[in-house]
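Visitor: Okay, here's what each chain looks like letter by letter:
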Amino acid sequence: MDLETLLSYPWGIMMPEFIILGVATFLSLLDLFLKDKVDRKIIAWLGLAGIGVALLFVIKNINEPIQHILYETFRLDGFAIGFKLIFLVGAALVFLLSLDYIKKKDTPHEAEYYYLILTAVLGAMILASSADMITMFIGLELLSLSTYILVGMRKKRLQSNESAFKYVVNGGIATAITLYGLSFVYGLTGTTNLYVVAERLPIALQQGYDLVIFFAFFLTFVGLAFKIAVIPFHMWTPDVYQGAPTPITAFLSVVSKAAGFAFILRFFLISFNIYDPASGQIMVFSQTTVFIGIIAAITIIVGNVIALRQTNVKRMFAYSSVAQAGYILVPFAVFSPYMLDMMLFYLVAYLFMNIGAFAIIQAVSQDTGTEELSGFAGLYHRSPFQAVTMSIFLISLAGLPVTAGFFGKFYIFLGSLDAGNWWLATVMVLGSVISYYYYFGVIRQMYLRAGSETSLNTTYGIGTVIVLCTFGTLLLGVFPSYALDFFASNFNIYDIFR
Amino acid sequence: MMTFIEDHLLSLIAFSPLLGILVLALVQKQKAGLMKAIAIVITLIPLSLSLYLFGAFDFNDQGYQFEEEVSWIELQMPSMEQQSLQINYELGVDGLSVSLILLTAVVGTLSAVASIYIKKRWKAYFILFFLLQVGMFGVFMAKNLFLFFIFFELTIIPMFFLIAIWGYLNRESAANTFLIYNGIGSAVMLIAFVALFAITDTLNIPALEVMVSQLTSQSVSGWPYAIPPGDVIFFIFVALLFAFAVKLPIFPLHSWMLKVHVEAPPAIVMIHSGILLKLGAYGLIRLGIGVFPEQFERVAYILAILGVVNILYGAVLAFVQNDLKKVLAYSSVSHMGIVLLGIAALNYSGLQGAIFQVISHGLISSLLFFIIGVIYERTETSMISDLGGLAKNMPFVCGVFLAGAMANLGLPGMSGFISEFLSFLGLFNTYPVVAAIGVLGIILTAVYLLRAVLNTTFGPAKEEWAHLSDARGFEVVPMAILLGFIVLIGVYPSVLSETLDLSIQIFLARIGG
Numbered sequence: 014m015d016l017e018t019l020l021s022y023p024w025g026i027m028m029p030e031f032i033i034l035g036v037a038t039f040l041s042l043l044d045l046f047l048k049d050k051v052d053r054k055i056i057a058w059l060g061l062a063g064i065g066v067a068l069l070f071v072i073k074n075i076n077e078p079i080q081h082i083l084y085e086t087f088r089l090d091g092f093a094i095g096f097k098l099i100f101l102v103g104a105a106l107v108f109l110l111s112l113d114y115i116k117k118k119d120t121p122h123e124a125e126y127y128y129l130i131l132t133a134v135l136g137a138m139i140l141a142s143s144a145d146m147i148t149m150f151i152g153l154e155l156l157s158l159s160t161y162i163l164v165g166m167r168k169k170r171l172q173s174n175e176s177a178f179k180y181v182v183n184g185g186i187a188t189a190i191t192l193y194g195l196s197f198v199y200g201l202t203g204t205t206n207l208y209v210v211a212e213r214l215p216i217a218l219q220q221g222y223d224l225v226i227f228f229a230f231f232l233t234f235v236g237l238a239f240k241i242a243v244i245p246f247h248m249w250t251p252d253v254y255q256g257a258p259t260p261i262t263a264f265l266s267v268v269s270k271a272a273g274f275a276f277i278l279r280f281f282l283i284s285f286n287i288y289d290p291a292s293g294q295i296m297v298f299s300q301t302t303v304f305i306g307i308i309a310a311i312t313i314i315v316g317n318v319i320a321l322r323q324t325n326v327k328r329m330f331a332y333s334s335v336a337q338a339g340y341i342l343v344p345f346a347v348f349s350p351y352m353l354d355m356m357l358f359y360l361v362a363y364l365f366m367n368i369g370a371f372a373i374i375q376a377v378s379q380d381t382g383t384e385e386l387s388g389f390a391g392l393y394h395r396s397p398f399q400a401v402t403m404s405i406f407l408i409s410l411a412g413l414p415v416t417a418g419f420f421g422k423f424y425i426f427l428g429s430l431d432a433g434n435w436w437l438a439t440v441m442v443l444g445s446v447i448s449y450y451y452y453f454g455v456i457r458q459m460y461l462r463a464g465s466e467t468s469l470n471t472t473y474g475i476g477t478v479i480v481l482c483t484f485g486t487l488l489l490g491v492f493p494s495y496a497l498d499f500f501a502s503n504f505n506i507y508d509i510f511r
Numbered sequence: 297m298m299t300f301i302e303d304h305l306l307s308l309i310a311f312s313p314l315l316g317i318l319v320l321a322l323v324q325k326q327k328a329g330l331m332k333a334i335a336i337v338i339t340l341i342p343l344s345l346s347l348y349l350f351g352a353f354d355f356n357d358q359g360y361q362f363e364e365e366v367s368w369i370e371l372q373m374p375s376m377e378q379q380s381l382q383i384n385y386e387l388g389v390d391g392l393s394v395s396l397i398l399l400t401a402v403v404g405t406l407s408a409v410a411s412i413y414i415k416k417r418w419k420a421y422f423i424l425f426f427l428l429q430v431g432m433f434g435v436f437m438a439k440n441l442f443l444f445f446i447f448f449e450l451t452i453i454p455m456f457f458l459i460a461i462w463g464y465l466n467r468e469s470a471a472n473t474f475l476i477y478n479g480i481g482s483a484v485m486l487i488a489f490v491a492l493f494a495i496t497d498t499l500n501i502p503a504l505e506v507m508v509s510q511l512t513s514q515s516v517s518g519w520p521y522a523i524p525p526g527d528v529i530f531f532i533f534v535a536l537l538f539a540f541a542v543k544l545p546i547f548p549l550h551s552w553m554l555k556v557h558v559e560a561p562p563a564i565v566m567i568h569s570g571i572l573l574k575l576g577a578y579g580l581i582r583l584g585i586g587v588f589p590e591q592f593e594r595v596a597y598i599l600a601i602l603g604v605v606n607i608l609y610g611a612v613l614a615f616v617q618n619d620l621k622k623v624l625a626y627s628s629v630s631h632m633g634i635v636l637l638g639i640a641a642l643n644y645s646g647l648q649g650a651i652f653q654v655i656s657h658g659l660i661s662s663l664l665f666f667i668i669g670v671i672y673e674r675t676e677t678s679m680i681s682d683l684g685g686l687a688k689n690m691p692f693v694c695g696v697f698l699a700g701a702m703a704n705l706g707l708p709g710m711s712g713f714i715s716e717f718l719s720f721l722g723l724f725n726t727y728p729v730v731a732a733i734g735v736l737g738i739i740l741t742a743v744y745l746l747r748a749v750l751n752t753t754f755g756p757a758k759e760e761w762a763h764l765s766d767a768r769g770f771e772v773v774p775m776a777i778l779l780g781f782i783v784l785i786g787v788y789p790s791v792l793s794e795t796l797d798l799s800i801q802i803f804l805a806r807i808g809g
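As you go down the protein sequences, you meet chains S and R in turn.
The opening residue of the first sequence carries number 14 in our numbering; numbering runs sequentially from there.
The opening residue of the second sequence carries number 297 in our numbering; numbering runs sequentially from there.
These aren't lab readings, by the way, just hints derived from the structure by calculation.
Certain hints may be false.
Label-pair restraints from in silico Cβ distances [as the list claims (entries may be wrong)]:
(1) ARG806/R x TYR507/S: 36 to 46 Å
(2) ILE307/S x VAL791/R: 53 to 63 Å
(3) LEU330/R x PRO245/S: 54 to 64 Å
(4) GLY351/R x ILE307/S: 50 to 60 Å
(5) ILE476/R x THR324/S: 56 to 66 Å
(6) LEU47/S x LYS415/R: 54 to 64 Å
(7) TYR473/S x LEU465/R: 40 to 50 Å
(8) PHE46/S x LEU322/R: 50 to 60 Å
(9) LEU315/R x PHE46/S: 36 to 46 Å
(10) PRO350/S x LYS415/R: 54 to 64 Å
(11) TYR360/R x ASP508/S: 18 to 28 Å
(12) THR324/S x PRO524/R: 44 to 54 Å
(13) PHE178/S x SER380/R: 42 to 52 Å
(14) PHE39/S x LEU330/R: 51 to 61 Å
No residue lacks a Cβ here, since even glycine has one placed at the ideal position from N, Cα and C.
Turn these sequences into a full structure, and let the hints guide you.
Guide: Following this line, the structure appears as structure tokens:
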């Protein structure tokens with residue numbers, strides 16, 4: 014590759030990544046040269062500004078034609094842009110939450126905290142744009158390694174250490190399994206490019222390697238199940254969510270999970286979308302959808318049922334997030350033609366309602382010094398605003414109208430029944446009914462229990478997040494078609510197939 | 297201005313309670329009196345609009361009236377390759393809806409008056425109260441299943457809080473039971489709705505009425521499922537039946553309702569017993585008979601038997617209760633059985649009786665629970681054994697109480713009589729044996745109601761109740777209005793029957809009889 018070729022690439026499409034990379038590098042240097050006395054908040058603000066600029070460039074890329082650089086490893090299409098918006102908005106909200114959460118005495122490496130979030134987002138963005146197994150894997154690992162450290166950032170706390178340790182070990186195993194699966198794909202096709210894999214896998218299938226293909230599929234899926242926290246790799250979630258700093262818990266549940274879905278969708282939809290030339294049928298998927306459907310169903314049931322028993326809010330939300338991942342998996346399991354719309358809508362809804370809920374969890378647990386459910390006791394009397402907005406988020410998570418969560422579930426549910434998958438749709442609804450009980454458990458605490466009477470302090474960072482998230486949750490709930498129209502007219506998510 | 301009101305009358309009725317939320321938000325939270333006054337005044341807006349609607353409604357027109365339609369959500373669905381799914385904001389009313397909307401508005405205002413006894417957190421109380429009203433109005437107006445479901449759910453969330461925060465001692469467990477039962481009920485309903493959509497590609501109720509009967513009668517080409525369409529439709533119908541059975545409530549799905557009646561504050565029980573239980577009956581008629589007439593005929597006999605079980609079970613258990621609230625709770629179970637009987641009769645008088653009973657019971661139980669609220673306010677108890685001889689100091693209240701009980705047990709000249717008479721008349725035509733057994737319930741009703749009322753009001757006056765005062769001005773008004781309606785319907789039933797006539801005929805035309 015000579016310089017001329019290198020310069021001829023349209024690097025502009027990678028601009029958001031460059032900005033995040035540049036800002037992260039700059040901040041790490043700045044941290045190095047800044048005196049110890051200087052307040053590291055400046056780094057947080059600069060990082061936030063960096064995310065803002067990257068966001069602008071992502072928005073600028075909307076409606077650009079599909080482009081790729083670096084021998085088709087990096088690809089800009091509607092799918093990538095949609096996911097990058099989720100990652101960046103999520104990261105921005107997490108930054109706002111972190112502003113007053115990260116304290117020097119608790120988190121000695123204050124500045125690292127902020128630029129590690131940036132590198133994690135960078136990993137997620139690369140992942141969303143990759144059209145090659147290697148870049149995908151690199152994106153995934155960049156995201157994972159950054160989050161491993163972030164989880165253990167409060168290094169003087171035993172719980173934080175424990176959760177980081179569990180996260181690394183579990184994550185390492187999951188990564189190894191994923192990689193093992195990917196190696197089979199490479200072995201069968203001799204390429205790492207997803208679009209070439211898509212051409213060569215059917216040949217391998219015809220040559221009688223179907224068992225190996227299924228094996229590769231299962232390994233990769235199981236490994237990636239870790240990232241989105243569905244069964245069988247969900248065990249780490251409660252411990253890690255509980256031990257991590259609250260903004261990072263929010264980050265894991267929203268950004269990291271969305272990145273996992275981006276990987277799964279791109280990888281399986283492109284490379285495993287195998288058509289049998291003879292019958293014109295989708296071969297692999299017709300046999301694996303049942304498997305994914307069962308995973309989704311078990312995830313929904315187990316997540317919701319175990320959440321019933323939790324007394325720690327963050328653990329409860331960990332199981333809730335397991336269950337939610339189950340719902341998001343449903344369109345993929347029924348292989349609905351509109352699955353990308355459904356999943357993207359739900360991920361956006363989930364971004365707002367879950368980060369909003371974590372904002373209030375953070376405010377409450379910081380104030381009361383406990384992460385137990387009882388910390389919410391009497392919140393309504395202390396701060397009606399927080400209690401009411403928290404109720405909105407909880408109602409949305411439970412899937413009651415007129416919230417984003419309701420519509421997201423309704424759409425997924427509709428798609429599932431429309432595809433004739435009755436049992437999965439039923440499991441989904443029953444799971445939601447179970448979830449009423451624990452989501453309303455928080456509501457019961459807020460309104461029905463007596464607690465302290467002093468009003469709850471909310472900083473501007475948390476306040477902004479709460480307002481934005483409430484707005485998003487209600488807007489998507491009342492006018493979902495605006496959001497769907499916006500997706501449809503601005504991002505052609507289906508151009509990943511081209 | 298007038299045309300604007302005419303064009304958007306239904307939306308205005310449904311959403312005018314939201315105005316109350318805005319106004320209340322500006323009031324300081326200690327000013328209880330001001331808030332109560334505002335709340336009562338605000339409920340007069342939907343009330344006067346409903347009265348206007350009732351007046352402007354053309355009872356000789358058989359279609360939906362005052363229709364509103366705004367396109368709302370557009371979804372891409374794989375099964376509809378060419379077009380997309382339109383979920384519109386569509387409202388419309390027929391004779392059945394109009395009478396229930398008026399009932400909702402009346403009970404709404406009167407229970408706002410009864411809310412004077414609420415002793416804490418007034419602002420939140422009235423905000424939830426208004427949300428509940430929006431939900432109730434909306435259900436009766438919704439012309440498509442999506443809206444129906446949303447408004448239906450909208451009643452559940454405020455109700456949960458209203459029970460859990462302002463109820464009596466075991467309020468929390470009552471609220472939880474309420475949430476779980478109704479949550480399951482509406483989940484099943486949602487499954488049924490969406491399944492129906494998956495088959496017919498529409499959520500519009502009038503369109504469904506046509507499509508479902510087509511699907512039932514003929515085998516459709518391109519049918520994607522293994523089970524024949526008629527059976528799938530039947531399953532969906534059974535699911536809907538279950539959902540409304542929880543709401544109505546039909547034995548054995550009634551236990552949540554007893555808890556709510558006992559634990560919720562009287563003002564809320566007025567709404568619950570007066571309106572919310574009727575959502576189940578409304579659903580059975582509007583969707584059960586309206587959309588699934590043939591399937592409904594298949595289960596009518598079972599429903600009639602369940603109705604009798606409800607009547608006798610409720611009546612027998614009401615007899616042994618010591619708590620006035622429980623007596624009335626079981627009495628509601630029993631009276632909902634009559635509604636079920638009337639619907640199951642599937643003929644003109646039966647259906648008419650059922651709807652009469654829906655409205656009459658709405659008025660009567662509101663009245664009785666209002667009186668229990670009045671008594672509880674003064675004595676802090678609703679145990680029959682603790683009360684007694686109240687009539688000496690509270691002649692007016694006790695007089696109305698007795699009158700309400702008489703109406704409830706079906707004394708001629710009151711609304712209860714005409715409702716029960718018509719329901720049983722209808723059922724005797726279809727299932728004479730079942731009806732004969734059911735009639736026994738009327739005797740039992742007389743026994744338990746008279747026992748409860750006479751033991752509280754008459755007999756030797758207890759000393760501790762010597763200081764009690766009779767009804768105050770603001771208490772007299774709701775009692776008088778409710779009793780007035782009860783007598784009006786009892787003496788001059790045409791006021792209601794003319795309203796309902798065409799709607800009932802249309803429903804019957806679908807059954808084919």
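Visitor: Against each hint, give a clear statement of whether it holds in the structure.
Guide: Hints, verified against the model:
1. ARG806/R x TYR507/S: 36 to 46 Å: Roughly 43 Å apart at Cβ, these two residues keep to the hinted range, so it holds.
2. ILE307/S x VAL791/R: 53 to 63 Å: 59 Å, holds
3. LEU330/R x PRO245/S: 54 to 64 Å: 59 Å, holds
4. GLY351/R x ILE307/S: 50 to 60 Å: About 59 Å separates the Cβ atoms of GLY351/R and ILE307/S, which means 50 to 60 Å holds.
5. ILE476/R x THR324/S: 56 to 66 Å: Once the Cβ atoms are compared, 20 Å apart, the range 56 to 66 Å for THR324/S and ILE476/R is violated.
6. LEU47/S x LYS415/R: 54 to 64 Å: With a Cβ separation near 59 Å, LEU47/S and LYS415/R satisfy 54 to 64 Å, so the hint holds.
7. TYR473/S x LEU465/R: 40 to 50 Å: 42 Å, holds
8. PHE46/S x LEU322/R: 50 to 60 Å: 54 Å, holds
9. LEU315/R x PHE46/S: 36 to 46 Å: Given range 36 to 46 Å: violated, Cβ gap about 60 Å.
10. PRO350/S x LYS415/R: 54 to 64 Å: Holds: the Cβ-Cβ distance is about 57 Å, inside 54 to 64 Å.
11. TYR360/R x ASP508/S: 18 to 28 Å: About 44 Å separates the Cβ atoms of TYR360/R and ASP508/S, which means 18 to 28 Å is violated.
12. THR324/S x PRO524/R: 44 to 54 Å: 50 Å, holds
13. PHE178/S x SER380/R: 42 to 52 Å: Holds - the Cβ-Cβ distance for PHE178/S and SER380/R, about 50 Å, lies within 42 to 52 Å.
14. PHE39/S x LEU330/R: 51 to 61 Å: Between PHE39/S and LEU330/R, where Cβ atoms are some 58 Å apart, the hint holds.
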